[in-house]
Amino acid sequence: MEAATGALRLARRRPDMWLPAGVAAIAVATVAYGWTTRANGVRLGAGLAPLLAGWEPVVRASALPAVALLAAGMVAAPHVRSDRLSAWQFGVAALGLGLALRLALGLARGGIDGLYAVYELGENEAANEYLPALSAFEFGTRFFLDTFAEVGPSLPVHAIGHPPGLLVTMHLLGVDGAPGLAALTIGAGALSIPLAYLLARALLDERRARTATLLYVFAPSAVLYGATSADALYVTLALAAAVPLALAARRPAAAATAAGASAFALASFFSYANLAIGAWAGLLAWQRAGWGRATRIAVACGLAVLAFYAVLHATTGYDPIGVLDATESVYREGIASRRRYEFWVFGSPTAFLMALGVPIAWYMLRSAGAGDHAARALLAVIAVAAVLGFTKGETERIYLFLVPIACVTAAATVPERRLQALIGALAVQTLATELLLYTVW
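Start counting the sequence shown at 718; every next residue gets the next number (this note's numbering).
Don't read these hints as lab results, they were simulated from the structure.
Please read these numbers as outputs of a predicted model, since none were measured by experiment.
Note that CB positions come from ideal geometry on N, CA and C, so glycine has one too.
A portion of the hints provided could be inaccurate.
To be verified - FRET-style restraints, in silico, Cβ to Cβ:
#, residue 1, residue 2, range
1, 753, 975, 48 to 54 Å
2, 753, 904, 39 to 45 Å
3, 1097, 924, 23 to 29 Å
4, 802, 890, 30 to 36 Å
5, 857, 1132, 52 to 58 Å
6, 830, 764, 18 to 24 Å
7, 1135, 829, 31 to 37 Å
8, 801, 842, 40 to 46 Å
9, 896, 733, 45 to 51 Å
Can you make the complete structure from the sequences, with help from the hints?
Printed below as a string of structure tokens:
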């Protein structure tokens, strides 16, 4: 509580500090309530609510590469961001560093098996993941899509909890084992790093765009879930839509709007959460250019989604409304329905901000307090999702697609002289989270 009180005193001296200070106070109170309540035997639906984790320290020799790489990355960060590197050289360097960090942290706790254990049949969580659902393709892809609404409730919770885009991709690529699925999600997820750089360049100047990219490379949730969760792949799809939509929000561009809307429709076939990208882009456009441009983006995204699912229904029989009903029925009967709304309306955004990385969260909120349009649009999306109860818990993973946007908005107010220290703090938080806490992913 002392940290929250100090933050409030700072806010009175600095007008742009009022939002991060206020949110910090609420977050501290939320964490304190969650941990105190759990200590008194009350179940809130997560181990260390609001975090979906459990206290389980594990320190092994397999963590040494992660320690070395985090330290080397912190030292190298200013050089990687240097103007001496061209844009494509920086993009390649950031991609290489980010992928290496994800792999190293994925190995840190459980060795090579840690990269795909969550998908390995026989493991606890694997029964809820995607591989067991592949048996539904026995009669082909068209039959699977045609009957997905009917067979969905019998599939693992993650399979019916998302649209079938990933399952169809796995089937078409012949991915039928845990190592193959891990390779797909890790590889595709790492491509979000250069896309995050492109998003940052669409909204910031070059130096701040590089700062944003490095923040994303070291963001704890991106590093830790980027090698162990299918949501990493969904981030890449979300950014493929966010980049052109951000360009369209900045200036009238029919081509960017069309490209963003098309990518948005495809991204929605993999994750319902990715629909929030359209809302974020619309809010960004509204702040920058008014209702006219926001309406054009909203209409384009809406028409693209309608056209995509109309064609899918006409060619395969896929019933998007029926699938939504099936998904809702599964969640109504699942653990989310037993999580208390009054706690998770604060707990969900708190968990996201903590997993994002405390320094990133602070500067993202500071940017919003200072009037940054992208930051304010992001906060609005998070607030609406929390109030409407779209997610009650697990936002460390579910909101992963919002992490690069948060890093871009944070970079708007990060002082250049503090970048190395911030990356060091993120590295410490990442390593501590991986080695001290047990998470399913």
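Which earlier hints can't be squared with this structure? none
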